[in-house]
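Taken in sequence, the protein lines are chains A and B. 51 is the number of the first residue of the first sequence in the working numbering; add one for each residue after it. 140 is the number of the first residue of the second sequence in the working numbering; add one for each residue after it.
Possibly wrong hints are sitting among the right ones.
Label pairs and their in silico Cβ distance ranges [unchecked claim]:
#, chain 1, residue 1, chain 2, residue 2, range
1, A, Lys58, B, Thr147, 35 to 45 Å
2, B, Thr206, A, Asp156, 40 to 50 Å
3, B, Pro198, A, Cys137, 32 to 42 Å
4, A, Glu86, B, Met232, 20 to 30 Å
5, B, Gln197, A, Thr157, 42 to 52 Å
6, B, Arg200, A, Ala123, 19 to 29 Å
7, A, Gln122, B, Arg257, 39 to 49 Å
8, B, Gln259, A, Glu141, 35 to 45 Å
9, B, Asp195, A, Ala55, 27 to 37 Å
10, B, Gly150, A, Thr151, 27 to 37 Å
11, B, Asn258, A, Lys58, 53 to 63 Å
With a cut-off of at most 25 Å between alpha-carbon atoms, the simulated SDA-like pairs for lysine to any residue come out as follows [unchecked claim]:
#, chain 1, residue 1, chain 2, residue 2
12, B, Lys176, B, Ala244
13, A, Lys118, B, Asp234
14, A, Lys82, A, Glu103
15, A, Lys82, B, Leu227
16, A, Lys82, A, Ala123
17, A, Lys118, B, Gly231
18, A, Lys118, B, Ala244
19, A, Lys82, B, Asp169
20, B, Lys176, A, Gly70
21, B, Lys176, A, Thr138
22, B, Lys176, A, Thr101
23, B, Lys176, A, Lys118
24, B, Lys176, A, Ala123
25, B, Lys176, A, Arg147
26, B, Lys176, A, Ala131
27, B, Lys176, B, Leu227
28, A, Lys82, B, His192
29, B, Lys176, A, Pro133
30, B, Lys176, A, Leu145
31, A, Lys82, B, Gly196
32, B, Lys176, A, Thr130
33, B, Lys176, A, Asn144
34, A, Lys118, B, Glu235
35, A, Lys118, B, Gly240
36, A, Lys82, B, Met236
37, B, Lys176, A, Phe104
38, A, Lys82, B, Gly150
39, A, Lys82, B, Pro233
40, B, Lys176, A, Thr69
By construction, these hints were calculated from the structure, which means they are not laboratory data. Computed from a predicted model, the values in this text were never measured in an experiment. A virtual CB, placed ideally from N, CA and C, is assigned to each residue, including glycine.
One letter stands for each residue in the lines below.
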Amino acid sequence: MGNFATHKSGPDVTVIQPTGQLNMVGASTLRKQLQEIVDNGGNRIVVDLSTTEFIDSSGLGALISGLKMARQAGGDLRITATPPQVCTVLELTNLNRVLPTYDSADTAFDD
Amino acid sequence: MTEHALDTVTGPETLAQMQHTLDAAWSAGDVPEYTRKCLDLAVSEIGSNIIEHSGDGQPVRLRMVVTLLPDTVVVTLTDDGRPAAVDLSQMGMPDEMSERGRGLAIAHRVLDELSYSRNQEGNRWTLMRRRVNEPHGHS
Numbered sequence: 051m052g053n054f055a056t057h058k059s060g061p062d063v064t065v066i067q068p069t070g071q072l073n074m075v076g077a078s079t080l081r082k083q084l085q086e087i088v089d090n091g092g093n094r095i096v097v098d099l100s101t102t103e104f105i106d107s108s109g110l111g112a113l114i115s116g117l118k119m120a121r122q123a124g125g126d127l128r129i130t131a132t133p134p135q136v137c138t139v140l141e142l143t144n145l146n147r148v149l150p151t152y153d154s155a156d157t158a159f160d161d
Numbered sequence: 140m141t142e143h144a145l146d147t148v149t150g151p152e153t154l155a156q157m158q159h160t161l162d163a164a165w166s167a168g169d170v171p172e173y174t175r176k177c178l179d180l181a182v183s184e185i186g187s188n189i190i191e192h193s194g195d196g197q198p199v200r201l202r203m204v205v206t207l208l209p210d211t212v213v214v215t216l217t218d219d220g221r222p223a224a225v226d227l228s229q230m231g232m233p234d235e236m237s238e239r240g241r242g243l244a245i246a247h248r249v250l251d252e253l254s255y256s257r258n259q260e261g262n263r264w265t266l267m268r269r270r271v272n273e274p275h276g277h278s
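Given the sequences, and given the hints that come with them, work out the whole structure.
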């Protein structure tokens, strides 16, 4: 499958927008791209979930992987526009505590 | 009783094929949305487990049957791979920063019954959820 769309928000925030199913297949793509972002010096990452239709444990693993890489690089990973199915799975696994939802990619790093 | 089945050899398209089989079952029945979402998730978790582990990196033959009963939906997944090293009595979530190990716990949470058995033909997973349209008691 192809890569997910990415863009910059401001000078130092990279936004990635996974589309469709973040299952084993989609998660593998996301994990690889998050690694590339960090390898290229990006440590403030927003994952825009507005077009993510489905997530399972593989997708959660990719988000946690990206979160750890970004923090090790001195930054953070934040999620926005989380759809109901993703919210449900985050709550089910208690990962809503480490991956709270921010309102928008533009303001996710305003704090 | 209505049945929808898939016979395949595992590969990159398997999860999509499994979801199409579920979608066909959902379009034919009147299963509440929450029940459908729970089964979509549980089938993705168990399906991923089979694809990743059952053949030890090699494809396996997989048969999936979705059965719509008056009060429940049952999905059986059978494969001819190696035995699954699972302990369904240990279903806790891993540490929150863990990147792996949530699949079976998620499936267990969203189902009313999850069972695994092994016979001479291979592995058999049975996933069952009642049709009632409400969050699960212990979720």
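Against the structure, the hints:
no., hint, verdict
1, Lys58/A - Thr147/B: 35 to 45 Å, "holds (41 Å)"
2, Thr206/B - Asp156/A: 40 to 50 Å, "holds (48 Å)"
3, Pro198/B - Cys137/A: 32 to 42 Å, "holds (34 Å)"
4, Glu86/A - Met232/B: 20 to 30 Å, "holds (29 Å)"
5, Gln197/B - Thr157/A: 42 to 52 Å, "holds (47 Å)"
6, Arg200/B - Ala123/A: 19 to 29 Å, "violated (43 Å)"
7, Gln122/A - Arg257/B: 39 to 49 Å, "holds (41 Å)"
8, Gln259/B - Glu141/A: 35 to 45 Å, "holds (41 Å)"
9, Asp195/B - Ala55/A: 27 to 37 Å, "holds (35 Å)"
10, Gly150/B - Thr151/A: 27 to 37 Å, "holds (34 Å)"
11, Asn258/B - Lys58/A: 53 to 63 Å, "holds (55 Å)"
12, Lys176/B - Ala244/B, "holds (16 Å)"
13, Lys118/A - Asp234/B, "holds (13 Å)"
14, Lys82/A - Glu103/A, "holds (20 Å)"
15, Lys82/A - Leu227/B, "violated (31 Å)"
16, Lys82/A - Ala123/A, "holds (16 Å)"
17, Lys118/A - Gly231/B, "holds (22 Å)"
18, Lys118/A - Ala244/B, "holds (22 Å)"
19, Lys82/A - Asp169/B, "violated (39 Å)"
20, Lys176/B - Gly70/A, "holds (15 Å)"
21, Lys176/B - Thr138/A, "holds (10 Å)"
22, Lys176/B - Thr101/A, "holds (17 Å)"
23, Lys176/B - Lys118/A, "violated (29 Å)"
24, Lys176/B - Ala123/A, "violated (36 Å)"
25, Lys176/B - Arg147/A, "holds (22 Å)"
26, Lys176/B - Ala131/A, "holds (19 Å)"
27, Lys176/B - Leu227/B, "holds (22 Å)"
28, Lys82/A - His192/B, "holds (21 Å)"
29, Lys176/B - Pro133/A, "holds (13 Å)"
30, Lys176/B - Leu145/A, "holds (19 Å)"
31, Lys82/A - Gly196/B, "holds (20 Å)"
32, Lys176/B - Thr130/A, "holds (21 Å)"
33, Lys176/B - Asn144/A, "holds (18 Å)"
34, Lys118/A - Glu235/B, "holds (11 Å)"
35, Lys118/A - Gly240/B, "holds (16 Å)"
36, Lys82/A - Met236/B, "holds (18 Å)"
37, Lys176/B - Phe104/A, "holds (9 Å)"
38, Lys82/A - Gly150/B, "holds (20 Å)"
39, Lys82/A - Pro233/B, "holds (23 Å)"
40, Lys176/B - Thr69/A, "holds (18 Å)"
Checked against the numbered hints above, the structure breaks hints 6, 15, 19, 23, 24 and satisfies the rest.
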